[in-house]
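Protein sequence lines correspond, in order, to chains A and B.
Per the UniProt record's numbering, residue 1 is the first one in the first sequence, and the count goes up by one each step.
Per the UniProt record's numbering, residue 1 is the first one in the second sequence, and the count goes up by one each step.
Check the hints yourself; a few may be wrong.
Copies of one chain are not kept apart here, so a pair can be met inside one copy or by any two copies together.
[Unchecked claim] Pairs of lysine-lysine residues, derived as DSS-like cross-links and limited to a Cα-Cα distance of at most 30 Å, are as follows:
1) K54 with K33
2) K64 with K33
3) K145 with K64
4) K258 with K33
5) K64 with K258
6) K145 with K54
7) K276 with K54
8) K145 with K276
9) K33 with K276
10) K258 with K54
11) K64 with K54
12) K145 with K258
13) K33 with K145
14) K276 with K64
15) K258 with K276
Bear in mind the hints are in silico, worked out from the structure with no lab data behind them.
All values derive from a computational prediction rather than experimental measurement.
2 protein chains.
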Amino acid sequence: MSDNGITLYDLQLASGATISPFVWATKLALGHKGFDPDIVPGGFTGIAERTGGKTERLPAIVDKGEWILDSWLIAEHLDAAYPDRPTLIGDPGIRPSAQMNEAWLWQNAVGPWMTCYLVAYRDRSLPQDHDYVTSTRERMFGNRKLEDIIVGREDRLPQISANLELLRSTLRENPWFGGETPNYTDHRLLACFLWLASVCDTPALVEDDPLRDWIDRGFDLYGGLGRHPGLSNIFGLQIRDGDPEPFNRNPVANGLSKRNTGVASTSGETARITGKATEQADA
Amino acid sequence: MSDNGITLYDLQLASGATISPFVWATKLALGHKGFDPDIVPGGFTGIAERTGGKTERLPAIVDKGEWILDSWLIAEHLDAAYPDRPTLIGDPGIRPSAQMNEAWLWQNAVGPWMTCYLVAYRDRSLPQDHDYVTSTRERMFGNRKLEDIIVGREDRLPQISANLELLRSTLRENPWFGGETPNYTDHRLLACFLWLASVCDTPALVEDDPLRDWIDRGFDLYGGLGRHPGLSNIFGLQIRDGDPEPFNRNPVANGLSKRNTGVASTSGETARITGKATEQADA
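Bound conformation, chain A alone (with noise of 0.2 Å):
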């Protein structure tokens, strides 16, 4: 055990690597609160058993005899019980947002990817999981052979980056998600990113996506916990003929993100819609 005595109990691929995006979670909150955990490796097969019955479902940590099962549940703790490290959540109103920015990427990239990657997730996963992955996926997508689910994905994937527009529109107007620094929910948006590159065979997002630099920085975070070795590059996706722009290169400032500090901050914006802007000033 280490000094610090909190205990994680990860969920990994045979590479050693997170594959939950709850527990990649739940591993940037406790980087972000300065926590070192002993790792209890180990994948999908045999939670309950390691857990010694507590949970089926991970992460699970347990810090000075206390257990804590869920990566929510795991972030409030840390905020209560250390207030004197950096803080996760600075306000109750941090949480039902996050959970609706995470509910929206879920339903927008990570299950649209999990339709491109699964045969990856399978056959990275430990050996002794390859039949629960296999069978519990093939369960979520209509009884489809993890094969047939991938099949046509290169047309896939570029809409699926096409999605992320709301991500790269916040993240220009701010450095991360917490403001000028990370916060928890930072750490589950990424979680999503870390998930992806465990699994992602092939780039989900073109070499000069806008969302780069946020992800990178991320990935980078105490100490690099998103470039363990068996992560792979998740950029790098080639935009073929007739494929739709994979991210908006020419996006327009509106009420919603441009702050009006006076006339001369919305003059070309009235410009436009009063239809007095030339193609010139458009452009």
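Guided by the hints, dock chain B onto chain A, whose structure is given.
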């Protein structure tokens, strides 16, 4: 001038009801801080003249002689200037997520609702604003007549309602976006529904929409700011055979929304995932 010394430049319809969602957010924010501002009335026409050339957009407030011209900057000003009054934005991490949630709501509902209510929007505006609203909105929507844009709205409204599931799932877990009490995230999102109420000449949501509880509580805030007689009832949408379900009547909890407190809390989901649930147990 009222004794608290804050003046708000409003953006109104002919009824006197506020139309702009940005002004609505500021009205709620002022109410949250306990202020009852002096209102300078008016519509789209003559903003620069009314404000002495300070701005061509509203809201604007004047607080003890200081002009603040932007709804986010106003909220930040109110927290900084009046830290002893209820907090609007309790952590730097509130703003990025609130902006992302609001941009999502504009994309999925405000924009689509606009295509349903543009004629009422124009007809309810002040007489001197009719031409401005008509020409700017026709330009925004591809130079089509307002009367043509709204055609088929009865076919679109049920799907727009269905698009709001992320709000509903967040509010199943949390009474407000601020947690146990409303914060400025609630104000930003409620402002979109107040805008809706200002223009909807036919209801947008069904009577038993699960969002109604939060919307009703939100419209009642601060002396019932959302109960202005110029607003329409947004509930009462009639669903026809073949329409999409206006909301999910059987939401399934998963690891994103449900907290793991031990095996009993996850066994239902496990049965589903592993195919061991009977149809009875699934129901």
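The hints, checked one at a time:
no. : hint           : result
1   : K54 with K33   : within (25 Å within a copy, 46 Å between copies)
2   : K64 with K33   : within (16 Å within a copy, 42 Å between copies)
3   : K145 with K64  : neither (44 Å within a copy, 68 Å between copies)
4   : K258 with K33  : between (33 Å within a copy, 24 Å between copies)
5   : K64 with K258  : between (47 Å within a copy, 25 Å between copies)
6   : K145 with K54  : neither (33 Å within a copy, 63 Å between copies)
7   : K276 with K54  : between (66 Å within a copy, 21 Å between copies)
8   : K145 with K276 : between (56 Å within a copy, 19 Å between copies)
9   : K33 with K276  : neither (53 Å within a copy, 39 Å between copies)
10  : K258 with K54  : between (49 Å within a copy, 17 Å between copies)
11  : K64 with K54   : within (16 Å within a copy, 59 Å between copies)
12  : K145 with K258 : between (47 Å within a copy, 29 Å between copies)
13  : K33 with K145  : neither (42 Å within a copy, 57 Å between copies)
14  : K276 with K64  : neither (67 Å within a copy, 36 Å between copies)
15  : K258 with K276 : within (20 Å within a copy, 52 Å between copies)
This entry does not satisfy hints 3, 6, 9, 13, 14, going by the numbered hints stated previously.
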